[in-house]
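Asker: Model the placement of chain B on the given structure of chain A, informed by the hints.
Listed below are the residues making up each chain.
Number of protein chains: 2
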Amino acid sequence: MNYPNQIKKEYHKNINYANRGMDLEKMINEANEYYLEKDMALIYKKPTPIGIVKVSYENNQQKIKDAYFATQSTLDYNGLYKGKYVEFDAKNTESKTAFPISNVHKHQILHLRRVIRHGGIVFLIIRIKGLIYLLNGPDFIEFIDHTERKSIPYSFIEEKGYPLEYNYNKGLDYLKIVDLIGGFKNEEN
Amino acid sequence: MNYPNQIKKEYHKNINYANRGMDLEKMINEANEYYLEKDMALIYKKPTPIGIVKVSYENNQQKIKDAYFATQSTLDYNGLYKGKYVEFDAKNTESKTAFPISNVHKHQILHLRRVIRHGGIVFLIIRIKGLIYLLNGPDFIEFIDHTERKSIPYSFIEEKGYPLEYNYNKGLDYLKIVDLIGGFKNEEN
Numbered sequence: 001m002n003y004p005n006q007i008k009k010e011y012h013k014n015i016n017y018a019n020r021g022m023d024l025e026k027m028i029n030e031a032n033e034y035y036l037e038k039d040m041a042l043i044y045k046k047p048t049p050i051g052i053v054k055v056s057y058e059n060n061q062q063k064i065k066d067a068y069f070a071t072q073s074t075l076d077y078n079g080l081y082k083g084k085y086v087e088f089d090a091k092n093t094e095s096k097t098a099f100p101i102s103n104v105h106k107h108q109i110l111h112l113r114r115v116i117r118h119g120g121i122v123f124l125i126i127r128i129k130g131l132i133y134l135l136n137g138p139d140f141i142e143f144i145d146h147t148e149r150k151s152i153p154y155s156f157i158e159e160k161g162y163p164l165e166y167n168y169n170k171g172l173d174y175l176k177i178v179d180l181i182g183g184f185k186n187e188e189n
Numbered sequence: 001m002n003y004p005n006q007i008k009k010e011y012h013k014n015i016n017y018a019n020r021g022m023d024l025e026k027m028i029n030e031a032n033e034y035y036l037e038k039d040m041a042l043i044y045k046k047p048t049p050i051g052i053v054k055v056s057y058e059n060n061q062q063k064i065k066d067a068y069f070a071t072q073s074t075l076d077y078n079g080l081y082k083g084k085y086v087e088f089d090a091k092n093t094e095s096k097t098a099f100p101i102s103n104v105h106k107h108q109i110l111h112l113r114r115v116i117r118h119g120g121i122v123f124l125i126i127r128i129k130g131l132i133y134l135l136n137g138p139d140f141i142e143f144i145d146h147t148e149r150k151s152i153p154y155s156f157i158e159e160k161g162y163p164l165e166y167n168y169n170k171g172l173d174y175l176k177i178v179d180l181i182g183g184f185k186n187e188e189n
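Protein chains in written order, with the working numbering: chain A, 1 to 189; chain B, 1 to 189.
Bound conformation, chain A alone:
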């Protein structure tokens, strides 16, 4: 598009402020870029959906003059890894004791169930107490199906989740865990 780089930067800045999970997102995006560069996987963040109220034309181009951020009914990231469908979302919590289930919208939970049913790999990346865990979709669903609790205690995440660490080269390297939960053989060994 015919916009200077400065505006593009502003855009990224705004988008980041619009999301609670700023740094977590950045770490995941770095991993996705690394995977793309190394031709390991094709995983992208979906664009944030918006609702457009007003569009005008300037210099023969459509410009959005009034719009609002809408909510995603699926998860934020999806793509392809070793022939398999992969989808996940990144969630932050400020709580030090539990992950509030309300952080995952009802339609996202429905979608999680569907992805499992259709044979995809689906999970959450949760930051809690400054640590980051990959919690496999089936474990998340099993928890909420067997409790009336409104949050997942940290002990459950610690027990069932897989810790992830940020790596300066790879970003938040989650694919090695996808190899485990997806039942892939580790081709390097």
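Careful: at least some of the hints might be erroneous.
If several chains are the same, the list does not tell them apart, and a pair holds so long as it fits within one copy or across any two.
What the hints assert, rightly or not - Restricting the straight-line Cα-Cα distance to at most 25 Å, the calculated cross-link-like pairs of lysine to any residue (SDA-like) are: (1) 46 to 68; (2) 45 to 114; (3) 82 to 106; (4) 150 to 165; (5) 46 to 25; (6) 170 to 110; (7) 63 to 105; (8) 65 to 139; (9) 46 to 70; (10) 38 to 56; (11) 96 to 114; (12) 106 to 60.
No lab work stands behind these hints: they were computed from the structure.
Answerer: Positioned in the frame of chain A, the structure of chain B alone reads:
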């Protein structure tokens, strides 16, 4: 979101006008809704990416006051079918003799190659001469890799493509062709 339905309708109207493939998109969206309802597949159109120039706060909500439509570097639709990753794009051409390859952006062609390499199912849905064809990604890539031509002649699309028809209940039912190109067994027979 706290917006009346009228505004949401306006949004859809605007989005449709923003795309050349209005009716084709609508037919595909109907099919995707049908597949979702019948629990056959999970395939969604990605939100149109936008570049945000200005955001303001109104009633404690972020509102976009200046933005432009950006281009998707991947294809518009992706999802999950029988455990497999599926991605495609819908393309219209006014030409009656050939499909201009420039309708598929360079980064989209690169992405197509990557999806094939990683074992995904990828294709184009092309409307030409008022007819609609599903052209499998490998056939598209094979054509452009063996020619200097700037467009794909209609005869090639007619020979290699699979005709699709709109169905009042199912929309543009393309999954039956995905069964063929994806090597799935037809479970109904």
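Asker: Looking at the structure, which of the earlier hints fail to hold?
Answerer: 4, 8, 10 and 11
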